[in-house]
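*Asks:* Going down the list, the sequences are from chains D and X.
Residues 1 to 530 (this note's numbering) are what the first sequence spells out, left to right.
Residues 1001 to 1237 (this note's numbering) are what the second sequence spells out, left to right.
Calculated from the structure, these hints are not laboratory results.
Incorrect hints may appear among the rest.
To be verified - Derived coverage of chain X by chain D (criterion: at least 3 residues anywhere in the stretch with Cβ under 8 Å from a Cβ of chain D; other residues may be distant):
{"no.": "1", "region": "1040–1051"}
{"no.": "2", "region": "1071–1077"}
{"no.": "3", "region": "1102–1111"}
{"no.": "4", "region": "1125–1131"}
Note that beta-carbon positions come from the ideal geometry of N, C-alpha and C, so glycine has one too.
Each chain, letter by letter, is given below.
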Amino acid sequence: MKKFFALLKVSVKSMLLSSTNSQGSSRKKAATGVGAMLLIAFLGLYLSGFYSSLLMHALAPVHMEVLVFIFMGMGALVGGLLFTTFAVKGVVFGGRDNDLLLSMPVNSTMLMASRVSAIYLENLLFSLFVLAPAGAVCAFMTQSGVGHSVLFWVRLAVAVLALPLLDTALSVLMGALVAFLSARVARGALGQNIVMAVYMVAVFYFAFNVNGMIEGLAANAAGVKESLSWAAPMLWMADGIMGDWGKLLAFAACCVVPFGLVVFGLGRVYRQAVTAFAARSARNDYKLSAQSASGQKKALLAKEAKRFFGTPMYFWNAGIGLMMLLAAGVAALVMQRDLQELIGLLGDALPVMPLAAMVMGFCLCTSAVAAPSISLEGKYLWILREAPVDENSLLRIKTGFELLLSLPCTLIAGVCLTIALKLSAAEGAVLVGAALLFCVGHAAFGMLMGLTFPKLDAVNETVVVKQGMAVMLDMFVPMAVLGVCALLYWLGGMLSAWAALALPIALLAALTAVCVLILVKKGPAMLRAL
Amino acid sequence: MLRIEHYSKTYPGGKKAVDDLTLHVRPGEIYGFIGHNGAGKTTTLRAVAGVMDFTEGTITIDGHDVKKDPVGAKRVTAFLPDNPDLYEFMKGIDYLNFIADLYDIPADRRTADIGKYGDAFELTGNLGSPIGSYSHGMRQKLALISAFIRRPRLLILDEPFVGLDPSASHLMKGYLADLCREGSAVFFSTHVLEVAEKLCHQIAIIKDGRLVKCGPTEQLVGDSSLEDVFLELEGDK
Chain D
1 MKKFFALLKV
11 SVKSMLLSST
21 NSQGSSRKKA
31 ATGVGAMLLI
41 AFLGLYLSGF
51 YSSLLMHALA
61 PVHMEVLVFI
71 FMGMGALVGG
81 LLFTTFAVKG
91 VVFGGRDNDL
101 LLSMPVNSTM
111 LMASRVSAIY
121 LENLLFSLFV
131 LAPAGAVCAF
141 MTQSGVGHSV
151 LFWVRLAVAV
161 LALPLLDTAL
171 SVLMGALVAF
181 LSARVARGAL
191 GQNIVMAVYM
201 VAVFYFAFNV
211 NGMIEGLAAN
221 AAGVKESLSW
231 AAPMLWMADG
241 IMGDWGKLLA
251 FAACCVVPFG
261 LVVFGLGRVY
271 RQAVTAFAAR
281 SARNDYKLSA
291 QSASGQKKAL
301 LAKEAKRFFG
311 TPMYFWNAGI
321 GLMMLLAAGV
331 AALVMQRDLQ
341 ELIGLLGDAL
351 PVMPLAAMVM
361 GFCLCTSAVA
371 APSISLEGKY
381 LWILREAPVD
391 ENSLLRIKTG
401 FELLLSLPCT
411 LIAGVCLTIA
421 LKLSAAEGAV
431 LVGAALLFCV
441 GHAAFGMLMG
451 LTFPKLDAVN
461 ETVVVKQGMA
471 VMLDMFVPMA
481 VLGVCALLYW
491 LGGMLSAWAA
501 LALPIALLAA
511 LTAVCVLILV
521 KKGPAMLRAL
Chain X
1001 MLRIEHYSKT
1011 YPGGKKAVDD
1021 LTLHVRPGEI
1031 YGFIGHNGAG
1041 KTTTLRAVAG
1051 VMDFTEGTIT
1061 IDGHDVKKDP
1071 VGAKRVTAFL
1081 PDNPDLYEFM
1091 KGIDYLNFIA
1101 DLYDIPADRR
1111 TADIGKYGDA
1121 FELTGNLGSP
1131 IGSYSHGMRQ
1141 KLALISAFIR
1151 RPRLLILDEP
1161 FVGLDPSASH
1171 LMKGYLADLC
1181 REGSAVFFST
1191 HVLEVAEKLC
1201 HQIAIIKDGR
1211 LVKCGPTEQL
1221 VGDSSLEDVF
1231 LELEGDK
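Using the sequences and the hints given, assemble the complete structure.
*Replies:* What follows is the structure, encoded as structure tokens:
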């Protein structure tokens, strides 16, 4: 067991350090790690608290609080799967230290178990941040008083500890499939993209339908519970939390058994799996033909594009916001009549254009393309440093690549929303202009974050794209800016309609100018100092 | 070709990796740079290549100051680190074209040179495969080809023989000699003293960041061997 804990310590430490800067003192690293954790905790608690109270508000009057735990459990399961499946490919099967650790006198099952346990701890955080607020909401909002007993919290703790076991088992299986596809399919990235696309469609289907489900829940809560019989373990978990110890034990068994089977089953063939997944398809029949030349900038942009589209982890995490943006624009056009009806019902008080701008801004916040690009260079950074290209050009190209993706998507979505929401030409121009301004500011800010919080020694791209401090700040700080913009809109509205629009746009313009200026003035030196 | 004047490098924390190094490499010379582990060889090579920043001293390559005109200096230089990590998401041929584009190498010249060096290092057939599938030696060969197709005025190599098979090492030595005959220069570090003794026109020995001896190989070695001279200077003999 001593060996197991030593291995687990290494895996967890590497995971915790993943969100920190690769340079700087250990105290600074620890501080940024804790900061990142607090950020995730806050977001998880806020989202879960919001949805739990929404559900509880509808369900408590009909005494169907149990459904809150079913939905929150499903949310934690799906969220954990999304977050850790691609991490499994890197952490469990594709670690850079595989050769070193496999050469040591350690049982391969133990090695795999230590790495899977690190994934479990990550899922545990998810489970805690999703189920704990649901428990708190239950304690405060139910009339039955079920949430007031100590045993309720003990049962909830059992569920919080058990659920990530199931999540981890599924993540490891999916991660193994993704790793297998990368190794065996000639166009590995395409295979992974297809798996991820199916995933995303399922998640979005769930997310888009959840509000409709909530509306219908109160009327037919019992029926809804019955219709969820296919998710029996989730029903057992929820019934267990609400007081049925037998079902809670059944749920725990449903989590422990698959976890054990995956760890011990895959652990027995771990060495073979790692070897097989590391093998890449290779050919030795290439015939050299006449090559064509292009310029420096085109070559560097093409390299960024190859990395973005050829790295599913990067593509899906950084590109999801842009896909959502396009989907929102197209969906608004398709459902134009429904939207107009809704706007008509809500009356003139609804600030349609600012709301559309907020939706666009939120989508753009989640598309961190430039922020991880410095860290993704990692061990390859010497190639760019050795190249006869000045640092300013390198930064312009990296920032420009994000703009190359985000500007057209923003323009298309902006035009679609303008038509769908029947905005005037002037309103449409303000909407598109503000969104394009936000794009520029977001790209420049992301690049600055990438330079300030580089993670050049990351063991794989998962660490950079999913857990990197630069990416997290590039998502959440602009979201906070959007919040300030909303506040300024409200304050400006007290003066005049013109001021309501001018104040947030002026703030965006000022922040964008500051980011671009810092990037141009300080960026090259920051890149040189890495 | 390469002039290093009073170059020093101090790492954060105060450790002086290189202390007041002055060294000149003339066109047509193969210059060997030897020293024990941690002596400051890689630190010097990385500063010359413009990969690492430095504060004290000046380094000029073919008249270009590395600090004042870094792009000009890099345009006439090729650098190969001891463990060249190359973009694994690219195919071998994509990487060579990427480098050729960065150095503005015309299409016909790059096709000819990739063919020449690819065939010589027996790598042409593998150029269509992703670099992620290459062995360490194949990556080393690809990195070498990417350096040779640039036809650099100064070739900087850090431990170039590590990972190469004997025939590739032999080939590389031949190409280094060809490069020097055309008026370029080679500046490389190595622990293989026999190779340095046979290959280099000039040798510099560095110890704890300080240059302890340099000069033409025959003068430096005299009647003994480079190994004897090195060990004597290192105080091991």
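*Asks:* So, for every hint listed, does it hold in this structure?
*Replies:* Here is how each hint holds up against the structure:
| no. | hint | result |
| --- | --- | --- |
| 1 | 1040–1051 | holds (count 3) |
| 2 | 1071–1077 | holds (count 5) |
| 3 | 1102–1111 | holds (count 9) |
| 4 | 1125–1131 | holds (count 6) |
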